[in-house]
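Engineer: Residue-level listing of the chains:
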Amino acid sequence: MSAHPNVQANAPTNQSPMDLAALQREMAAAVMQPLTPDENMRATMPDGRSTTAVAASFIAPNSRLTAFERLEIYNRQYWYRVLGALAEDFPALRAVIGGRRFEALSIAYLAEHPSRSFTLRNLGSKLPAWLAAHPEQAGRRHRLAVDVAKMEWAFVEAFDAAELAPLTQRQIAALQGESRLALQPYLQLVALHYPADDLVLELHAQEKRQTSEAGVAHEDDSGATTGVPKLQPRPIWLAVHRVDLSVYYRRIGREEFQTLDALRSGSPFGEALEAGFLGSRIPERVRAERVQEWFGSWAELGWICQA
Amino acid sequence: MPGNRFNAFQDHGVGIGLRIPHYEHIFSRKPVVDWFEIISENYMCDAGRPPAMLDRILEQYRVVQHGVSMYFGSVTAPDPEHLKRLKNLVRRTKTPWLSDHLCWGSVDGTYTHDLLPLPYTWEAVERTVERVRMVQDYLEIPVAVENVSSYAAFTGSEMTEWEFLTEVVERADCGILFDVNNVYVSAMNHEFNPLDYVNAVPAHRVAQIHIAGHSKYEKYILDTHDHPVIDPVWQLYARAIERCGPTPTLLEWDDHIPSFDEVHAEAKKAEQFLHPHATELVGAAK
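In the order they appear, the protein sequences are chains V and S.
Under our numbering, the first residue of the first sequence is numbered 1, with each subsequent residue one higher.
Under our numbering, the first residue of the second sequence is numbered 1, with each subsequent residue one higher.
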């Protein structure tokens, strides 16, 4: 095919054209580089090269925009998209630490953990663990922030994770000490330092009201963390689960939590119960009754399945 | 109009994108809609609300899948998990054809989640053709590639965008999802005549057409899907229909989404171009 007057490119240069792989790596690096505080593209690339020169090496200007400005459109679009996706999945975390700190945290997180999945659904999968290791990103409410992040990620998982056929009453009655069980993939077990579950539910309800009333979420971009009550630390064990397509948070006791956690880790039924009552103050004489109650509840909710 | 082999000879009429804010209206009012287009990635999860809502839609409506992350032009191979989940969804929806974009967006396993433009080079043609063929063979349904809106052009390009599109679809033997709004946006951003593009596209391969609105800024236009379709885009659509014949048409509206009725009414404006004689007859009868 011959050269065409409408080919959207510059006049030929003396440089040999960049191959496709090199071009994609170069462009991705530029596009995914954080913006300046004024939301412009940075003047230098991470390796110190001039972004203007890098842009001009593969992008053609037009009569209105330089190569730098054309690349900058994609740089902005990238950050608006990924920051928006994280804000959508972690609205309570944003409310707890404030809009400005949340944005800074998101940028730092994404710089270390850019998306490695074809779906934005998985973008925040490493955020709770990352935040736990980066207290400087959350300020004085770090432990509460980590709790909230864990709960919000558990919500994402519980919302659309797989559902297996639960054990029947007959199968449950036949369980032996060496039986191995699986938990529903949608069931998430979350240990908290604060009673953050009520707070998250309230913040999610607020978020929903704002979205439906204003049509736009996240209108408050200030650093303020208004409306978040002061909580006293207290260990809480949560099962985040799904019933009729809706996600629920259910507080459970430490022993029940530890038993479920051990079952999820692959321990046989008997060992899981031992792990569950490790360090427990529940008297021996009532433990069998307690286990029976758990199983009644697990069976009703369909939490346990064949391994 | 019986369609063509790239849309499984379907005459779908005018559809709209299936969006969550419209679920309640659709389930409670059961409006008559020719078809819905779904974003495949929104339903590729294991269970829960998304597939349950989709199943309710599938009970009553025709659905066609449209993807946003296959990145036919990326140099690194697609994630096998992505392909597997996509094929499972194809089985669920029984989509007669499937579309995704003629672009790239991931490299070395890192995803930008954007529809990044390709340089129009012979190397890019070869890479893209290989990927389209592989996906089409794996999914075992017709695949259509969509022209994207772009804001940057490459110094290394060796042909026009429509020449590039033609080379890819002819060599891959696939269909085209022809987005006339994207043609307009790119034409304004790259200073070419959009009619040149519409007149050059291989009409016999057009499986589906997209129409949408966009946002105009001082120095460029962004493809935002948050406005009604503007007249110059309707004119491009009219010309595309003149060349391709009646073709399944879909209105995209993804941001600041108005009521279902408003979106549907905007989409149905396409019918006057799809069935001009019927419109004339109705007019005469009145």
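For the record, the hints were derived by calculation from the structure and aren't laboratory data.
For every residue, glycine included, the Cβ atom is placed at its ideal position computed from N, Cα and C.
A few of these clues could be false.
Said to hold, decoys possible - One side of the interface only, derived from the structure: several residues of chain S facing chain V at Cβ under 7 Å:
(1) Tyr23
(2) Glu24
(3) Ser28
(4) Glu41
(5) Ala47
(6) Gly48
(7) Asp114
(8) Ala152
(9) Met188
(10) Glu191
(11) Asp231
To be verified - Covered by chain S, according to a simulated footprint, are these stretches of chain V (three or more residues, beta-carbon under 8 Å):
(12) 36-46
(13) 75-83
(14) 112-118
(15) 155-162
(16) 169-183
Engineer: Check the structure against each numbered hint from earlier and tell me which ones fail, lowest number first.
Structural biologist: 1, 2, 3, 9, 11, 12 and 16
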